[in-house]
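K.L.:
Chain A is fixed; fit chain B onto it per the hints.
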Amino acid sequence: MKRWLMDILACSASDCRSKLDLEVYKSHTQESEGEEVDEIDEALISCPKCGRWYPVIDGIACMLPDDLRMDGKQHIEETAFLERWKEKVPTDILKNGLPFGLS
Amino acid sequence: MFRKTIDYDKVSKVYDKVRAGNPEMVHQILDGVSLSGKSLVIDVGCGTGNNTLLLASLVQARVIGFDISNGMLQKAYEKQSQIPFVQAPADCIPFSDESVDFGFMTEVLHHLPDIPATFHDICRILKSSGSLCIVTQSHEQIDRRMTSRFFPASAAVDKERYPDIDVIEDLLLKAGFSAVNPKEYTYSPVRLGLEYLETVTKCGFSMLHKISKEDYEKGFEDLRNAFQQSEVLLYSAEYSFVWATK
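Same order as they appear, the protein sequences are chains A and B. Just so it is clear: in the first sequence, position 84 is 84 by my numbering, and no numbers are missing. Just so it is clear: in the second sequence, position 184 is 1184 by my numbering, and no numbers are missing.
So that you can see chain A by itself, here it is in the shape it has in the complex (with noise of 0.2 Å):
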């Protein structure tokens, strides 16, 4: 994934919208263009305004909203998500994320 991919993405949750946050856990440079250019392989993406987060997985940023991430495939994937990151992943993401967390 690319970083400037954040200046356009917005929450999923029709009601929210707001810009996100991102951190990365995991890239890695490549050439684009004859430049060197930073790669996204994993990330953590949150919402400021409402707290959901949303994960990078593979270099694919997974904005589903709440109903498709709640069983699953993409539950059991987003989950291992967080167990691979959970040194990383803040807290009250683990404990009490939206729409999910760890426990």
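Heads up, a few of these hints could be off.
Unchecked claim - Once the Cα atoms are required to be at most 30 Å apart in a straight line, the calculated DSS-like pairs of lysine-lysine come out as: (1) 1174(B) to 1246(B); (2) 1079(B) to 1038(B); (3) 19(A) to 1159(B); (4) 73(A) to 1210(B); (5) 19(A) to 95(A); (6) 26(A) to 88(A); (7) 49(A) to 1038(B); (8) 1202(B) to 73(A); (9) 2(A) to 1127(B); (10) 1159(B) to 1079(B); (11) 1159(B) to 26(A); (12) 1174(B) to 2(A); (13) 19(A) to 86(A); (14) 49(A) to 1127(B); (15) 19(A) to 1038(B); (16) 1174(B) to 19(A); (17) 2(A) to 1038(B); (18) 26(A) to 1079(B); (19) 73(A) to 1038(B); (20) 2(A) to 1079(B); (21) 19(A) to 1127(B); (22) 1202(B) to 1159(B); (23) 73(A) to 1079(B).
Because the hints were derived from the structure by calculation, they are not lab data.
P.N.:
Here is chain B on its own, set in the frame of chain A:
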């Protein structure tokens, strides 16, 4: 791809092997829109990103691909990481209001669970001068497909899935678009070869997942016989490009 009746993560495993990007379609789209290096373009329901990457390679604009299926997006991302791909449904795009210059959807509409909500959300994120291009097929165009000849049940299935053009126009206007302009386009005829048979064999056309096993086997047998008898299968694909201006 969108809230699911078909498992698109599963489909992605074969889809990408049998469905390539469509340069003629992408050129048709670009002929209808003026983009600059500052423009923001979104491909809604980009699947494995074939048309996204094609279009992005031809313009200076920033291009972003959206899809609800993580499996499809992983395939897209493996090809090229210069284009951001975002997992989101078409009816809940994570952008603020009036942020996008141009949106396009190629053969996506029939996958959507809530077309009115999708049009409403795309209209919300488009700038006041923004536009949307929907590539789809009218019911008459569905009837004239090669797959409709061999798998007639698929035409009936798809006419249920695809809203006809007048319905699309009406929904776009109700969603807030100010003008709608549908255009039909017929591609140069191509002779369908073994790659067509392979696509059918792997169920690379999503409507083949929706017909009965008997209807599929009957059509497949007829198609294989046509190839064995060296019948020349000439096909001119037809599409409707529905342009909507905010």
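K.L.:
So, for every hint listed, does it hold in this structure?
P.N.:
Hint by hint, here is what the structure shows:
1. Taking the CA atoms of residue 1174(B) and residue 1246(B), the gap is near 11 Å; set against the 30 Å cutoff, the hint holds.
2. A C-alpha spacing of about 24 Å is found between residue 1079(B) and residue 1038(B), which places the hinted pair at or below 30 Å, so the restraint holds.
3. With a C-alpha separation of about 40 Å, the suggested pairing of residue 19(A) with residue 1159(B) is violated against the 30 Å cut-off.
4. For the hint linking residue 73(A) to residue 1210(B), the alpha-carbon distance of about 23 Å falls within 30 Å, and the restraint holds.
5. With a C-alpha separation of about 23 Å, the suggested pair residue 19(A) and residue 95(A) falls inside the 30 Å cut-off, and the hint holds.
6. At most 30 Å may separate the alpha-carbon atoms for a hinted pair to count; residue 26(A) and residue 88(A) meet this at roughly 11 Å.
7. Our distance criterion of 30 Å between C-alpha atoms is met by residue 49(A) and residue 1038(B), whose separation comes to about 28 Å.
8. Between residue 1202(B) and residue 73(A) the alpha-carbon distance is near 24 Å, which keeps this suggested pair within the 30 Å criterion.
9. Using a Cα cut-off of 30 Å, the hinted pair residue 2(A) and residue 1127(B) holds, with the two alpha carbons roughly 23 Å apart.
10. At most 30 Å may separate the alpha-carbon atoms for a hinted pair to count; residue 1159(B) and residue 1079(B) exceed this at roughly 33 Å.
11. Proximity of residue 1159(B) to residue 26(A) is assessed by CA-CA distance (about 46 Å); at most 30 Å being required, the pair is judged violated.
12. In summary, the hint linking residue 1174(B) to residue 2(A) is not supported, as the alpha carbons are separated by about 35 Å, beyond the 30 Å threshold.
13. Note on residue 19(A) and residue 86(A): the hinted pairing holds, with a Cα-Cα distance of about 24 Å set against a maximum of 30 Å.
14. Among the hinted pairs, residue 49(A) with residue 1127(B) is consistent with the structure: their alpha-carbon atoms are about 24 Å apart, no more than 30 Å.
15. At most 30 Å may separate the alpha-carbon atoms for a hinted pair to count; residue 19(A) and residue 1038(B) meet this at roughly 20 Å.
16. A distance of roughly 29 Å separates the Cα atoms of residue 1174(B) and residue 19(A); the hinted pair therefore holds under the 30 Å criterion.
17. A distance of roughly 16 Å separates the Cα atoms of residue 2(A) and residue 1038(B); the hinted pair therefore holds under the 30 Å criterion.
18. With a C-alpha separation of about 20 Å, the suggested pair residue 26(A) and residue 1079(B) falls inside the 30 Å cut-off, and the hint holds.
19. Annotation: proposed proximity of residue 73(A) to residue 1038(B) is violated, straight-line Cα distance about 37 Å (limit 30 Å).
20. Of the supplied pair hints, the one linking residue 2(A) and residue 1079(B) holds, its CA atoms being roughly 15 Å apart against a limit of 30 Å.
21. Restraint check for residue 19(A) and residue 1127(B): the C-alpha separation of about 18 Å stays at or below 30 Å, so the hint holds.
22. Pair hint residue 1202(B) plus residue 1159(B) holds up; C-alpha atoms about 22 Å apart against a cutoff of 30 Å.
23. About 23 Å separates the Cα atoms of residue 73(A) and residue 1079(B), which keeps this hinted pair within 30 Å; it holds.
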